[in-house]
Structure formats: structure tokens, C-alpha cells
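Novice: Protein chains in written order, with this note's numbering: chain P, 1 to 282; chain F, 1001 to 1252.
Certain hints may be false.
Okay, the calculated bits of chain F under chain P, using three or more residues with CB under 8 Å as the criterion [claimed, not checked]:
{"hint": "1", "region": "1063 to 1070"}
{"hint": "2", "region": "1129 to 1137"}
{"hint": "3", "region": "1240 to 1249"}
To be clear, the hints were calculated from the coordinates, so they are not data collected in a lab. This one's a predicted model, so the numbers in the text were calculated from it and none came from an experiment. Glycine residues also receive a C-beta, built at the ideal position from the N, C-alpha and C atoms.
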Amino acid sequence: MAERKTEERSLLTKLSQIDRRILFLLIFACATIPLLLGAGLRMSVTAPVQGLYDAIDGLEAGSYVWLAADYDPGSKPELSPMNYAIVEHLFRKDIKVISGSLWAPAPPLAQAVFDEMAPRHGKQYGVDYVNLGFKEGREAVMVSIAEDLRRTFPEDHSGTPLDSIPMLEGISNLQDVEMIICVSAGYPGIKEWIQQIATRYDTAIGGGVTAVSGPEMYPYIQSGQLVGLLSGMKGAAEYEQLVERPGLGIAGMVAQSSVHVMVVIFIIFANIVYFLEKRRAR
Amino acid sequence: MTKYILIGVVIALMVFAVASGRLSGASFGTWIAAMLTLAIFSFLYKDNPIYKFAEHIFIGLSAGYFVALEYWNVFVPNLWNPLLESFRTVSPSGLMLLVPFALGLLLFARFFPKIAWLSRWSMAAMIGSYAGLAIIGALQGDLLAQIRANMIPFLSPGSLTGLKAAAGGNAFFFAILEVLRNPLIVIGLLVTLVYFFFSREHKGGLGAVSRVGVWFLMISFGASFGYTVMSRVSLLIGRLHFLMSDWLGIIH
């Protein structure tokens, strides 16, 4: 009897001290296998995602949108699929896109999206879209663009003066755009756009954030300060579904769900072992 | 020993790539990115020199990239070129740019201990202006707007009628949620505020209400944790997708 108890105790001790690398391997398998199988997941579209879709869909052809690409390679897997899906929608609706960034690594990422999407939709640089690149200054840049675009961005990403870009004729500041769409990974991002621009200039703002920032942004939807929001890879997947352009968002959702199930199993397993150990200790 | 195994694996992969013709000129950047990704992943096994090497490359490259970008995208077009232009045209308003230029130069005074105090002038200007912007933004965009957004009726108009209409149907569950939406917001807001009321000891009625506040906070922390897991897993999926599609080409 005493031997059996000791055996149980040692088994429980072993289970409670599983090498973390085994857990990493299980997570790795859960993420890799669905990607290899190419499994897709159809999901219901949530109200904040539908809100952004409807807001963009309601814009008239030829209207202008400021696309703030405020992210970096670290958040690319979550935010790039959003950017692709949003640009797909904007180009389909013949909306003119002005892209600017408050994050230094963002302009090449935004440019990669345009380089892939523009030829597919027959869009021309300087006529249908423009990439103004990065500008340091965070909130100060936002306020400055709202007053004078050319003072803040005298030239675009590649050094072309703004006055020689045809689509920017007649665009003097942010009040000339219909909507601001911000794809943001943190500070400065969508929250600062709301604080500095949405309330002060009554401009419609929507966009996407990393899942980490998602919960912080939902109050702005409830207050009507955000027209819509994509949160994390799931938000991207939902938008891809709406615009019928499957990308990394949809491809990654099965892997995402598998890992979540595994994490839940880990948590339940750890709790069971914890309580069993506690009971044995008594 | 481990470091030699890891170095061996990386060299073997490179040799395989060259031999199989995968390492063409076009995919050289992809190979570098893939190797650095694997080097960072190697930390999951244990800390090792290859991980450190990749980490140092990342920090060095980031610093270099930022300096070059700030110089060409901010300093030259926003300060240097307009300043030269205003010297050429003798424009007094343009010469105002000498003020931020001088403040920028003063920041470098930190490198010289005797005049390091001069950099405080620049810091004061920056902190003052950003604090002003942030306070106005937080007041207008957060505090007032959120207070206004939470002044809502305890029951959203039409929700009870909707519940009656949906009784027995498929939408009944969503109708219940709609009825609960406003009460949850109002009660959640009030009990959470009570939890942060520290002027009286949390005992009796106040203690009970503040405990409910803690539950609301815990639920919100749980949601945040769930979202954080989703975010981190997305990053892993992104890297794995890169390795398997861009590098190995086994998925499309």
C-alpha cells in the first residue's frame, strides 16, 4: 500500500515537472500539421468586422482614405493579412488610398501589399494609391497632417514631391479624406488616431489591431468612436472571408484553433495534477 | 557540445541548399531570414551562442535601419531641405526651423558631461508638447467620450419586445444577450469603480460590491489573456508559414 502511494506520488511529481520542451513540441505539431494539410475554417463574421466592411463598402468610388500602416515585421502575421484584405476591398471599390506610417519599419510592408495588389486591380501609383512612408513624431504628426499634409510629408516614400503626385491634387489635409483606416500594432496606433483626430475633426475611423490590443479597443466600438475593428488573425480571417480573398488569416485559423485546444488541455491537465498533488500531500 | 550540433545542422542545411539548387540568388534573402528564424527558435531548446548571434544581428540592424531612416525620411525632408531653401530665399518664417534644429543639437550635449544639462532644454520642450497633446487627446477622446458612451438606459430600448418576439425561435439566445447587454455594462462599470474606491475599508456592503468588481476585472483579464495567447500563436503560425512556404516551398 505504502509502495503504491509512493509510486503515485512519483508519477504525479513527474507529471508536474514535464520538460517544457515537450510542450513546445506539442504546440509546434498543433501549429504545423493543419498548415501542411491546408485545412480551412469557415467562421461567422462578428459585428465589429462587419462594421468595418460596411463602412468601407458605403464609401463612394473616387473618395479618399488614409491608410495608416502602423506596424512592424513582429506583428506582420496578424496585421499583414488584414492590410491585404482591406486594400483588396478599397481597390475593388475604386477608392483612392493614401498610406502613411508612424512606425519606422512599416513603409516597406505597406509597399509590399500595394506591389502585389495594384497590378491585380490595374491600379497605378500616384493615380490610385500613394505611399508617403514614415514620419517620426507620433501624435504630433497626426495633428500636423490634420492641418497641413504637405508640411508634414513634403515627399513620398521614394522622395517624389507631393505636388507632383496627381492624385494628391486638392488634398491639403486629413479633413479631405473620408475615412482613416489604421492597422496598428500598438503605440502610436488606432487609440491615438481616435484621441487626436476622430473626436477633434469628427472623422470616421476603423481598422485592425493585434489580438493583444483587441480588448482595449472594444470600448471604442461601443462608444461609436470606431466604425469597425479587426482583432488579431481571427479578425483578418473574417475580413478575408467577406472579401472572398483567402490568405494567411483563413489558412492560419485551423492551426490557431488546434493550438488553443492544446493550451486548454494543458491548463486542465495542470490543474488536475495540482489538485491531486495537494490531496496526496494531505 | 550543443552549440557544435546546432552549427553543424545550419551548415548541413546550407550545403543541402547549395547542392539541390534551392539557394539561387533570388532566394538568398529568404535563406538568411530562415536561418535567423531557426536561430531564434533554438532558444526554445536552451540559450545558446547561435541565438545570441541572431539577437545581436537583430539589434544592430534595427539600430542602423532606424538611424538611416530617420535621417533620410525626417531630418532631410522636414528640416535640412526647408532650412536651406529658407536661407536661399531669405524667408524669416522658414528660419524659425533653426529653433528645432538647435534643440535637436542640444540633445547631443548628453555626450559631454560638462554641458550635459543643456539637453534638458530639448527634453523639456519634447515632454511639454507631448504631455499637452496626450492630455487633450485623453480627455477628449477617452474620458469624456467614454463617460458619454456609458450614460445608457439600464435596458436597451426594444430589447424586451425583441425577447418576447424571439421566444422559442433560433434567435432567442441572442435576444437574451441583447437584454443583458446594457445591465452588464452599467453594473460592471459601477462595481469596478467601487473596487477602486480606496477611501473606505472594503468591508460589509462595500466589500461585497467590490468583490463583484473583482470578478468583472478577472473576467476581463481572462479575455485579455486569451487574446494574448491568440496573438502569440499567430506569430508562431506566421513564422512557420514563412518557413514552409517561402523557404521550403512545401505549402502554397
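Novice: It remains to establish, for every hint, whether it holds in the given structure.
Specialist: Structure-based check of each hint:
no., hint, result
1, 1063 to 1070, "holds (count 4)"
2, 1129 to 1137, "holds (count 5)"
3, 1240 to 1249, "holds (count 3)"
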